[in-house]
Amino acid sequence: MGKGMLSVCGEKQQVVLLFLIEIILIVLIGTLTTYGPEANANLLKNLKEDYNGNNEHNRKPQSDSLRIYPNVHVMIWIGFGYLMTFLKRYGQSAIGLTFLISAVLVQVALICEGVLHFDKNNKAYLSLSSLLSADVAVAAPLISMGALLGKTTYMQLVFMGIVELIVYTINKYINEHHLMAVDAGDSMYVHAFGAYFGLAVSFVFGRKDKPKEHHLEGPSYQSDIFAMIGTVFLWLFWPSFNSASLDGDSQQRAIINTLLSISGSCVIAFATSALISKDNKFNMVHVQNSTLAGGVAIGTAAGMMCKPIGALIIGSLAGLLSVLGYKYLTPFIQKRLRIHDTCGVHNLHGMPGVLAGIFGAIMAALATQNSYDYSLYEIFPARAPNFEKLTSEMRNDYGILPGNDRTALEQAGYQILALTVTLLMASISGVITGLILRTSVCGSVAEEDKFDDAVHWELEEEEEEEGLHEISKIKERNSRANDQLPMGTI
Amino acid sequence: MGKGMLSVCGEKQQVVLLFLIEIILIVLIGTLTTYGPEANANLLKNLKEDYNGNNEHNRKPQSDSLRIYPNVHVMIWIGFGYLMTFLKRYGQSAIGLTFLISAVLVQVALICEGVLHFDKNNKAYLSLSSLLSADVAVAAPLISMGALLGKTTYMQLVFMGIVELIVYTINKYINEHHLMAVDAGDSMYVHAFGAYFGLAVSFVFGRKDKPKEHHLEGPSYQSDIFAMIGTVFLWLFWPSFNSASLDGDSQQRAIINTLLSISGSCVIAFATSALISKDNKFNMVHVQNSTLAGGVAIGTAAGMMCKPIGALIIGSLAGLLSVLGYKYLTPFIQKRLRIHDTCGVHNLHGMPGVLAGIFGAIMAALATQNSYDYSLYEIFPARAPNFEKLTSEMRNDYGILPGNDRTALEQAGYQILALTVTLLMASISGVITGLILRTSVCGSVAEEDKFDDAVHWELEEEEEEEGLHEISKIKERNSRANDQLPMGTI
Amino acid sequence: MGKGMLSVCGEKQQVVLLFLIEIILIVLIGTLTTYGPEANANLLKNLKEDYNGNNEHNRKPQSDSLRIYPNVHVMIWIGFGYLMTFLKRYGQSAIGLTFLISAVLVQVALICEGVLHFDKNNKAYLSLSSLLSADVAVAAPLISMGALLGKTTYMQLVFMGIVELIVYTINKYINEHHLMAVDAGDSMYVHAFGAYFGLAVSFVFGRKDKPKEHHLEGPSYQSDIFAMIGTVFLWLFWPSFNSASLDGDSQQRAIINTLLSISGSCVIAFATSALISKDNKFNMVHVQNSTLAGGVAIGTAAGMMCKPIGALIIGSLAGLLSVLGYKYLTPFIQKRLRIHDTCGVHNLHGMPGVLAGIFGAIMAALATQNSYDYSLYEIFPARAPNFEKLTSEMRNDYGILPGNDRTALEQAGYQILALTVTLLMASISGVITGLILRTSVCGSVAEEDKFDDAVHWELEEEEEEEGLHEISKIKERNSRANDQLPMGTI
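Going down the list, the protein sequences come from chains A, B and C. Residue numbers for the first sequence follow full-length UniProt numbering, so the first one is 1 and each next one is one higher. Residue numbers for the second sequence follow full-length UniProt numbering, so the first one is 1 and each next one is one higher. Residue numbers for the third sequence follow full-length UniProt numbering, so the first one is 1 and each next one is one higher.
If you're looking for bench data, these hints aren't it; they were derived computationally from the structure. There could be a bad hint or two in this list.
Pairs involving identical chains hold if they fit within one copy or between any two copies, as the list cannot separate such chains.
Stated by the list, open to error - With a straight-line cut-off of 30 Å between C-alpha atoms, the simulated DSS-like cross-links for lysine-lysine are:
#, residue 1, residue 2
1, Lys335, Lys120
2, Lys335, Lys389
3, Lys45, Lys327
4, Lys12, Lys210
5, Lys212, Lys281
6, Lys12, Lys281
7, Lys210, Lys335
8, Lys123, Lys307
9, Lys45, Lys278
10, Lys48, Lys307
11, Lys45, Lys389
12, Lys212, Lys123
13, Lys278, Lys335
Since this is a predicted model, take the numbers as computed values, not measurements.
Generate coordinates for the entire structure from the input sequences, incorporating the hints supplied.
The following block contains the structure:
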């Protein structure tokens, strides 16, 4: 305790910066946003519907967002927060910084999201669905944080998150609106993006300071059980995450596909963990992370007709790949590329995210009107006939809008293009962000203070420590006794 | 261990009393309540609707209560329960007593609630919405419990809770039905009421025994991480709490406002905590509590058109106020007023609750038909035109009932009146309850047993303790060795 | 550490078996299941409804499954998982193995469930409601796991679970479809079945190795707080579990009844725990388990008109019975019948499950058309008039199908018969399963390795252990010092 704590420079400036950021957010949200129509008291329509609904026991059903939102909310704050508490002396920072970062970034995400969807008065509508989108967006910087856990100041994370969300928004917009690529569960736009962005930052950090072994970089018995709270809540609600942007039969399919995929990855991650470890025992790192890889891997294709067996196979594959990644790839990239990845986000979000993109492209290549009927054009809007070819039946009875007349293979090509764009955007912007972070505008953490809650928190002296203190005092006295003994006996 | 455990007098009587209370509750619920119409098998209408709904794939949507109820349920039991586990040796009592107290009090709340809404047969209807109201009511005594945590027997808490719920019900009824004050998120009726009631009890306790420093009144590294489970779940589901009594656009607005406000308080609480502490580090007490203050502060106005910027500002203000309260006010009122406040409920529920009441009054003063249209009369029913002035359009198309023709300023005045009434009711009834509790009918906890789970729980001897025991044995032997040494060497 | 770890034979084979099981599951799910109509993109109807719904702001309400599913999901993985973390050195296995076992078994349950409901193409439909049923089914083997916690390999649990789910499915099918017995909350089919199946397995284990005291079979201070996470989440969402298979007024009634019953059991479990323990303190084992007994005990009758007082009384009785079971019955059956029951599932699921069955039969005997009107035939379909007697009004307006014309007493008889069949099926199949498990095809755990995470997990050397290690080194050196002393002093 106490030693080296002050090596973090500029704490006071960081605090002032944090106040400043919140003030800027207040001004921006104040000037740029307004209640969406569904949340506006000044729309007589709402009142009328409420009344007639209530009156005739025939109330307007709540939107799906209202139901899925709490689950995704739990994933972001409890899921990511507790998942990262696995380090023995960094649990308070894991849960505390996730809390702080997410509270800042959810506001940033609302602004980013809003700017893309200005109404005619240059105001962005706030609604349950924009809140849900913001929650999903926040997942990306939290994933990047996983790669950097224990090695940054909170202000570095805040700064990184703000930059990342801006690039995230642009990347998602290009891929969704220009390339018209499909990614229901955001496996490319959130998971792969977040992972490679974070790894790129870590890569830049590694150029300066080669990653070293650190005595605090490991779990304790209790911290592993805390981390499982995060794992299990993420695992449970992943079907909500992957189906959040869908509705109707697509939503139900996404829930079923995700459950199957993530169950497959859970079982195969356990099995692979035991297969490759000494004495065939399970490894907590694998169980905490790789069990979730199936949720990522099915994300892009979650709403597609990939069949139950397709979901199970891709999930199982992801579980296998993820554990092997922890065992063989992570040490390799740390040693050779000097990329240190505290939580192993490359294995949970990076590779499974890429896998998801590829699987999504394959499913897109296989999608025929035979197996989807007109829903094909709901799921892949770019495949819909163009304006001339669109029949009035498709338009009027099924609400299909004119598309780009793409073939299955063309759509698959655009899916792969979206994956490539995402990986490039993430890596390049990550490297640039890393270079800025290295300038220590946002402070930095000294080697000896890494993975230590004492950097961020006023910690109480503790009994256990007193216990160990006691021991060392005894040892000391003891050794003096031993030292004296010979003298005494002489 | 072992010493002084028996200083709690009358454990046997407390147990008997607990049985007795449950028996009385069974009799009262048995005689006073019945299933509400929506839960009654004996209403043919339900069966018919079920059938026709199921038949035509056009099922009746579930009521909002069915969706919000589980979230509020989690807040009460997990949220409050784990939030209070921050003490190093009182975690089992924190979560265990919250569990017990809430299970008793939810039944009491159902009765209190029911008595106000008797049907023509003098029966109170049980329904999902009465269950939800009961959950909300239980929050008040749990907040009071926060002020007294570690210093009472369980029976003192049960007794206090029963009295408090009765006064709570009366206070809420007067303010809602006679003063027609609005408090969507119950920031006045639950938070301010619960806090000042608990502080009043603590004030009476402090007259008898001056609050002293206690070696167990502090966290451990692990207990702080447990407490964060409570904090984060409360934070996540607070939008549900504040929107529980609303529907339609008001509900959506309450969700948006609460998310913004509580995000603001989270960021500002972190920043303020770092600003005022040594070395600009975060303090776990602030992070666990003050981050939530925005949820309280927006409560009264949650459904109003306070604009996104209004929500953010009031939340940020609450976060600031709450941390400053912990730092400067709590020590002051403990020293000068002898009011000991274990969890600092004054900073999380008391001041932010008052702030919410004032903010609600300001918003009410600013509310015009221009910004709300006819919804103004849905949100502030007392502002609706009286019977003569009410147009048939308002009545028939929008379901507006005749009101009191109040002006905006009049409504604001009534809001302040409701706040004042609430604070008075809480303080006075709290003092009286405290005086009764001091008579030790419900037992009492001796100074040396405070904040110690051993008062309530059969604790196992533990390894760690064995470890420490071991240490002391070694020390003893060692010191004997040291004692003998000189003799040996002489 | 390290000693005796290798006494578990065939770890490698277990891993291979786990891979094999997942591959078989993939093949079976691949060949036997398909998306249900609601999740099928190839049904134009879905698209049309989506469009028209979305178009006119009159969207199809989500099915209840979509709302209840997440709650039951939390109960299975977080609830059961953390409930079993109470052992001081088996927490990682408790939460980790629950995770693994459930992920395997939810797939098995989907297949079992599906095989019973093949469509005309010999395909089972996957839907939200089949996912929900699978979650409920998984509870049965998790309950059995509670009886065996700490004494088996993971493969023994997987194997047991697969066999158990097959018998579970057959038992439930016979009782529901042939005996037409009602068990809304599955208290007989899941709780009683799971408990007696597990106890039967434990009985067989006890024939071979008499249950002995084990130094690791106890909680630590922290593990008890972890376990409460499970308890409280189970307690909170139990109303969802009991109402999962119901809708309309039955569902609301089930929620109300379950809340009352489980509140009663909570209070009475606390009171009884204090009554029978030394110094009238609470016991964590009772609080973690017996507080939930009311949820089980009301299960069968949850949807019936058992009145609020009925729900409270049966819940309170269950709480009382459960605590007395822990205190007096568990030691007895361990000593006399050599049935070791790690979590005391007999007290939480076994006896309360039987109580639920009996209470359900009594309620069935008391059910008259007077108190239920035509809903009687919705709740007890076998009591509906037969084809000749059924009026066209009942058929057309209320959707009542022809039944077996049973009287109230006949229905009660069938309820008791279903309970008896369930207990017999569970016990007999449990004994057979136990005999197979004893053959050590799935490995076995040696006496000294029981209740020890080191059997399943690669554990890191820990600080604490280092601490204790330190102590023993000091002791050693110290004792040498002491040994030398006399020599020195001579």
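Same-copy or cross-copy closeness of lysine 45 to lysine 327 [CA-CA at most 30 Å]: Neither. Shortest intra-copy (59 Å) and inter-copy (48 Å) distances fail the 30 Å Cα cut-off.
Alpha-carbon proximity between lysine 12 and lysine 210, which holds within one copy, between copies, both or neither at 30 Å: So lysine 12 and lysine 210 pass the 30 Å test inside one copy only (28 Å; across, 38 Å).
Homo-oligomer pair classification [lysine 307, lysine 48; C-alpha up to 30 Å]: between (44 Å within a copy, 22 Å between copies)
Intra- versus inter-copy proximity for lysine 389 and lysine 45 (alpha-carbon distance at most 30 Å): Between copies, since 22 Å is at most 30 Å while 37 Å is not.
Identical-chain pair category, lysine 12 with lysine 281, by Cα at 30 Å: The answer is between: 10 Å across copies meets 30 Å, while 47 Å in one copy does not.
Identical-chain pair category, lysine 335 with lysine 120, by Cα at 30 Å: Neither: 53 Å inside a chain and 58 Å across chains, both beyond 30 Å.
Alpha-carbon proximity between lysine 45 and lysine 278, which holds within one copy, between copies, both or neither at 30 Å: Classified as neither; 66 Å inside a copy, 54 Å across copies.
Intra- versus inter-subunit Cα pairing at 30 Å for lysine 210 with lysine 335: within (9 Å within a copy, 52 Å between copies)
Within, between, both or neither, where lysine 123 and lysine 307 count as close if Cα-Cα is 30 Å or less: Between copies only: 13 Å across chains, 42 Å inside a chain, cut-off 30 Å.
Homomeric proximity label, lysine 278 with lysine 335: Cα distance no greater than 30 Å: The answer is within: 22 Å in one copy meets 30 Å, while 38 Å across copies does not.
Alpha-carbon proximity between lysine 335 and lysine 389, which holds within one copy, between copies, both or neither at 30 Å: neither (57 Å within a copy, 80 Å between copies)
Within, between, both or neither, where lysine 212 and lysine 123 count as close if Cα-Cα is 30 Å or less: neither (49 Å within a copy, 55 Å between copies)
Taken one by one, the earlier hints fail for this structure at numbers 1, 2, 3, 9 and 12, listed in ascending order.
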